[in-house]
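Quick note, the sequences are listed as chains L and H, same order. Going by the numbering used here, the residue at position 359 of the first sequence is 965; the numbering climbs one at a time, nothing skipped. Going by the numbering used here, the residue at position 97 of the second sequence is 191; the numbering climbs one at a time, nothing skipped.
Hints are computed from structural coordinates only; laboratory data are not their basis. Hints are supplied without guarantee of correctness; some may be wrong.
Stated by the list, open to error - Okay, the calculated bits of chain H under chain L, using three or more residues with CB under 8 angstroms as the criterion:
1. 135-141
2. 173-180
Stated by the list, open to error - Some chain H residues judged to face chain L by a derived CB distance under 10 angstroms, without partners named:
3. D100
4. N105
5. T106
6. A144
7. V145
8. L146
9. S148
10. M151
11. H165
12. K211
13. H389
14. V393
15. D395
16. A427
What the hints assert, rightly or not - So the derived label-pair ranges between C-beta atoms look like this:
17. L:K663 <-> H:H172: 24 to 32 angstroms
18. H:D251 <-> L:N1601: 35 to 43 angstroms
19. L:S628 <-> H:H172: 20 to 28 angstroms
20. H:D233 <-> L:A1372: 45 to 53 angstroms
21. L:E1202 <-> H:P168: 20 to 28 angstroms
From the three backbone atoms N, C-alpha and C, an ideal C-beta is built for every residue, glycine too.
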Amino acid sequence: MPGKLKVKIVAGRHLPVMDRASDLTDAFVEVKFGNTTFKTDVYLKSLNPQWNSEWFKFEVDDEDLQDEPLQITVLDHDTYSANDAIGKVYIDIDPLLYSEAATVISGWFPIYDTIHGIRGEINVVVKVDLFNDLNRFRQSSCGVKFFCTTSIPKCYRAVIIHGFVEELVVNEDPEYQWIDRIRTPRASNEARQRLISLMSGELQRKIGLKVLEMRGNAVVGYLQCFDLEGESGLVVRAIGTACTLDKLSSPAAFLPACNSPSKEMKESPLVHPPSHGCRSTHNSPIHTATGSRLTQNFSVSVPTLIYTGMGSGSAGKEGGPFKALLRQQTQSALEQRGGSPHRFCRRREFPFFTLTAFPPGFLVHVGGVVSARSVKLLDRIHNPAFVGIMGNTRSYKLLDWNSFNSDEPETRDAWWAEIRQEIKSHAKALGCHAVVGYSESTSICEEVCILSASGTAAVLNPRFLQDGTMEGCLEQRLEENLPAGCGFCHIPYDELNMPFPAHLTYCCNCRKQKVPDVLFTTIDLPTDAIVIGKGCLIQARLCRLKKKAQAEANATAISNLLPFMEYEVHTQLMNKLKLKGMNALFGLRIQITVGENMLMGLASATGVYLAALPTPGGIQIAGKTPNDGSYEQHISHMQKKINDTIAKNKELYEINPPEIAEEIIGSPIPEPRQRSRLLRSQSESSDEVMELDLSHGKKDAFVLEIDDTDAMEDVHSLLTDVPPPSGFYSCNTEIMPGINNWTSEIQMFTSVRVIRLSSLNLTNQALNKNFNDLCENLLKSLYFKLRSMIPCCLCHVNFTVSLPEDELIQVTVTAVAITFDKNQALQTTKPHVEKSLQRASTDNEELLQFPLELCSDSLPSHPFPPAKEHLESASSNSGIPAAQRAVTVEKASPMGEGNFRNRSAPPCANSTVGVVKMTPLSFIPGAKITKYLGIINMFFIRETTSLREEGGVSGFLHAFIAEVFAMVRAHVAALGGNAVVSYIMKQCVFMENPNKNQAQCLINVSGDAVIFVRESELEVVSAQQPTANCQPLCTGGEVTT
Amino acid sequence: MTSELDIFVGNTTLIDEDVYRLWLDGYSVSDAVALRVRSGILEQTGATAAVLQSDTMDHYRTFHMLERLLHAPPKLLHQLIFQIPPSRQALLIERYYAFDEAFVREVLGKKLSKGTKKDLDDISTKTGITLKSCRRQFDNFKRVFKVVEEMRGSLVDNIQQHFLLSDRLARDYAAIVFFANNRFETGKKKLQYLSFGDFAFCAELMIQNWTLGAIGEAPTDPDSQVDDMDVDLDKEFLQDLKELKVLVADKDLLDLHKSLVCTALRGKLSVFSEMEANFKNLSRGLVNVAAKLTHNKDVRDLFVDLVEKFVEPCRSDHWPLNDVRLFLNQYSASVHSLDGFRHPTLWDRYMGTLRGCLLRLYHD
């Protein structure tokens, strides 16, 4: 299955000086693919060589095309000694292998060296000629598209969502091979980078094969991770959701639906755009009429624990039969696929979806969070076939792509299968047949590894899981009432046979079905959910000291600690949620990190007030010694403080739900405790099976008992969480409920902090405080740095904790700050009016550019960008000459490249470097994604032996991350794109040895390269060709303007 | 708990203009933090000192990384590491190359050599500008000088092209380069009342009229470009200036010149009698300055001479500026009516520029 890869090396620029004598460089380039290498001529004595080479042609199998990266090495020719390497560029040519993505890769790539960083740039053109059409690719998997985005990509329509695909490959880590002792750090790093690139290519190809077997054509929510297991090897694993996607042919028709999710949000639930590319909610009554309900739930497997609400409702089980029917159908839908001719045994087992946002009508009910953890001891991955070859007594599993395929990596696969099985059974216990928002992660310290998986148990609409054969009957029977955006809150399990004690009430929205009092999920807020007020980032942070131990003892110690951590994390989340006056968590992600002498837990989620769920009760404080007068006074003082905080938060987040008459809701009837059933975990890696009931008894309000200093501290820590400064909001979901008028000003950033703990007298409390301060200070710093973007929201805030050494804690945060328009943010009703207003303001924004430059004072009443001039610098600007001040004002914002085109025309206005936006979100505010160009998945290593000279650890890592961004941007630009969406920094492993003046860092990032078009530009087009479909949305704004 | 590592990297590089200013002014991180605290930023934003410290460190690190690129501004445009909107790039460059009036007055006309660099300590103490900032400014002067020194074509254009500066700043740099190249003395006590702007104004006039580039303005063939240099004074022209001596050496010519000027200005000057009394001295002064310009040493003293021979005498007689203007106009124009004088073009090239300079130099 040959294809022809063609590469042309055009030129280089800004090369480093390699010859001290002449201050110049004699550069040439080696182009390598597979085992074939070509060279350009040597371009003598220049830092800006013009090679203008011929087309180098590689004739290769498409399997190789998928696995191998194109490797470009720039060298300095030396007549007398060995040629010196300047640096390398790895280009993943996968995006060229499917027809809808990029057709050519062409542009300037930074030349990267693992020791020196970026050293100049090289201009390369890459093309692929595939000899046959797409059908042929079935043997390899060239035609399958990959998306990191965890929702259906914007310009596609999901025909069928097939389900879970996973794969992993293992290899020996080159860093730990015997040869590493004799080769240079550069050679070792490059071997590692190349190996991981190969492994990801292979992994992707294998996943693609599975997708083809399922008759899908795409993987959405593709998440690939590396486990650096050290001595025992390197694991590259990936999960994703196989889909059959249809490209939406008419962009105009789809315009309303994909403007930006934030806008869709606002329209729901009252107004549904009539012309979704996907099927609209209106035709899917399933999620309305069944009597299904859910409670918030939370389960874990080593140990297993389930969180539940309290008490239980009293009403009958009106929805029973329907529910059963629905469940049956979903299941049969899921199972039917198993019976398809292209049977693939493993995938049927796990009805998991890595998606976090769904087409309308897909998600019927949500059951709660299910999670499982397992502590494993890493062992060498056994593969006897290689013992001899390695010339080493240790035996490794090694996959060799060129010569032969070795066995499946059994152990790691089995471990994950075990965990997934457990997740599945938890979901079942919640009356759900599917898990959505599913993700997997590991934490490794020496030879101990914690495997974690979590997701949200859910009932799905079977229609999307197969070709819609059974829509008819269900729709007819369930059509009578459409709940406006509360259906997913209704419990999916049988009320009388609840898996755990729960406090159920009638849905505050439709008053027909039962809902739990609190709901935790790992998914994004469904677009049709009715939310009151705004949301906020809620974090639970926890540390636990652990004795240093070896092997089994260590694993046991860890698994003993885990249930307590889970419990406490959960309690913290619950308390903080109540303190905010909210009743649901979305995007919940709990990360447990293991270190030599401690365990860290960090849970992040976005709290919201769901209109369907009951108003949360307050927090009550109870003392153990009620007779002591002063103590009671203290308690009541605390109580007052808490109540004040809740009231303040309600105001801050604009939570003022309509009053609901008590009798309608029905008072909860306490259930006997014995009824709470616990889920059994089925696979235990280490000793204990333990189950926890997190239900806190049957108290009406949440009661905190203050009986010791620990509890006191809990209360204090509750109260010390400082809310973000005014004008700032934050969430870890894609979008912030309650804010719908984003401007196009976005700023993605990564911030890393490492603190060293003083090793003396470390207690859990001191540790907790340190960790808490670390996170809080980090957030404060972010708010301060981004103050010029106010009013603004930090979206998709993603914290990662690692414990690189004994006394070091590293926290990495990636997020995007988006400015919104404050004046309109306040209006949450009348979506149509608001919509048109918003359109109007986008237009204004364009119009106002010019006046803005002229007036140097910020006008508070200005509808668009008070943020831009909002600087404390106003006063200190006085020293600037007037000519410069004009520039100053105009560019006071840290962003602004989008709207301000080169006006002040200094000579540098005609920069040749195009702007590439990066965002962890799946969309770009104020813009429409017109094309997906392929997945970006890059792995870099940077090492230094002159740490002090490079500005210490901060200087080193700062430069490296900036370089990583630059390389991502360059690749996207070379594909013809102007943005990366769903960007994620999956790994940032930093190691230092200050005594040796050395440091090393590994970074792995991924995302989807896209082309976007500004809506303002798009509107011109759509106005010219009016489409009936988009009228309710598009025209409104233009008319009012 | 100590912070080992603390960084923030944005996809678009964050530039805080205030911190940039502090960095350019050469303050250490701790001084910068203290200054920011004093500006009341903590109260405005509710931030803590630790946050400010971390923020300042971050910006300083960014600036440090950018500095290498700022040394060759076109590199800043084409580099891929920092994504900075074009107008922000322009601001970075413009501010980096901006200089302090007090500093430039100290080094204007001095050789941009290591020797001068060693004096930066004293300049720093004298002007109150931090040594770091002095070094940056000095290095900027020197860098620009080195790049454009040997270049042909318009000095301002060359500077703009290689350093991407605004027109205003490029002109200032042209003056600095011109002064450094010709080593004009500007530091004498007599000259202290003059600002950099005064000198820059004069430099511009001189570049326009007295350099090789000035006559090459209408380049007939491309080969003539060889001589189109803005940095060096036209040696031939300076040589020719000796011919003007006749204006004061020939007594008749001098008297005639005087009478022409006096006739024309009678009743128009408030200081007519003083002018009449001083005419010969003033004229001698101006013409002798011209005649001496063949010697490098005297070229350097041009401004000292102008102030001594013309500005000071007029000032001591309290000439109003307008009278000076009237006098100089008449003084220059009357020469054309002198029958015995054979170098009117040369005179205009000399006096046209000198008149502009003197008017600018004539203030308190």
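* **When the least beta-carbon distance from S148 of chain H to chain L is tested against 10 angstroms, hint result** => 5 angstroms, holds
* Report holds or violated for the interface hint on K211 of chain H, using the least CB-CB distance to chain L and a cut-off of 10 angstroms. => Violated: closest Cβ of chain L sits about 22 angstroms from K211 of chain H, beyond 10 angstroms.
* Holds or violated: N105 of chain H as interface residue toward chain L, Cβ cutoff 10 angstroms? -> 4 angstroms, holds
* If you check the beta carbons of D233 of chain H and A1372 of chain L, does the distance land in 45 to 53 angstroms? -> 49 angstroms, holds
* Examine the region 135-141 of chain H for residues whose CB is less than 8 angstroms from any CB of chain L, and state whether their number is three or more. => holds (count 5)
* Beta-carbon spacing of S628 of chain L to H172 of chain H - inside the hinted bounds 20 to 28 angstroms or not -> 23 angstroms, holds
* Measuring from the C-beta of H389 of chain H to each C-beta in chain L, is the shortest one below 10 angstroms? -> This hint is violated: H389 of chain H lies away from chain L, its Cβ roughly 38 angstroms from the closest one there, beyond 10 angstroms.
* Asked: Holds or violated: is the Cβ of A144 of chain H closer than 10 angstroms to a Cβ in chain L?
  -> This hint holds: A144 of chain H lies near chain L, its Cβ roughly 7 angstroms from the closest one there, short of 10 angstroms.
* Can L146 of chain H be said to touch chain L, with a Cβ gap under 10 angstroms? -> Holds - the Cβ of L146 of chain H comes within 10 angstroms of chain L, reaching about 8 angstroms at its closest.
* chain L contact restraint for V145 of chain H - C-beta distance below 10 angstroms -> 5 angstroms, holds
* With a Cβ-Cβ cutoff of 8 angstroms, does the region 173-180 of chain H contain at least three residues near chain L? -> holds (count 7)
* Have a go at the M151 of chain H hint: is there a Cβ in chain L nearer than 10 angstroms to its own Cβ? => Holds. Min distance 7 angstroms.
Checked against the numbered hints given earlier, this structure breaks hints 11, 12, 13, 14, 15, 16, 18 and 21; the rest are met.
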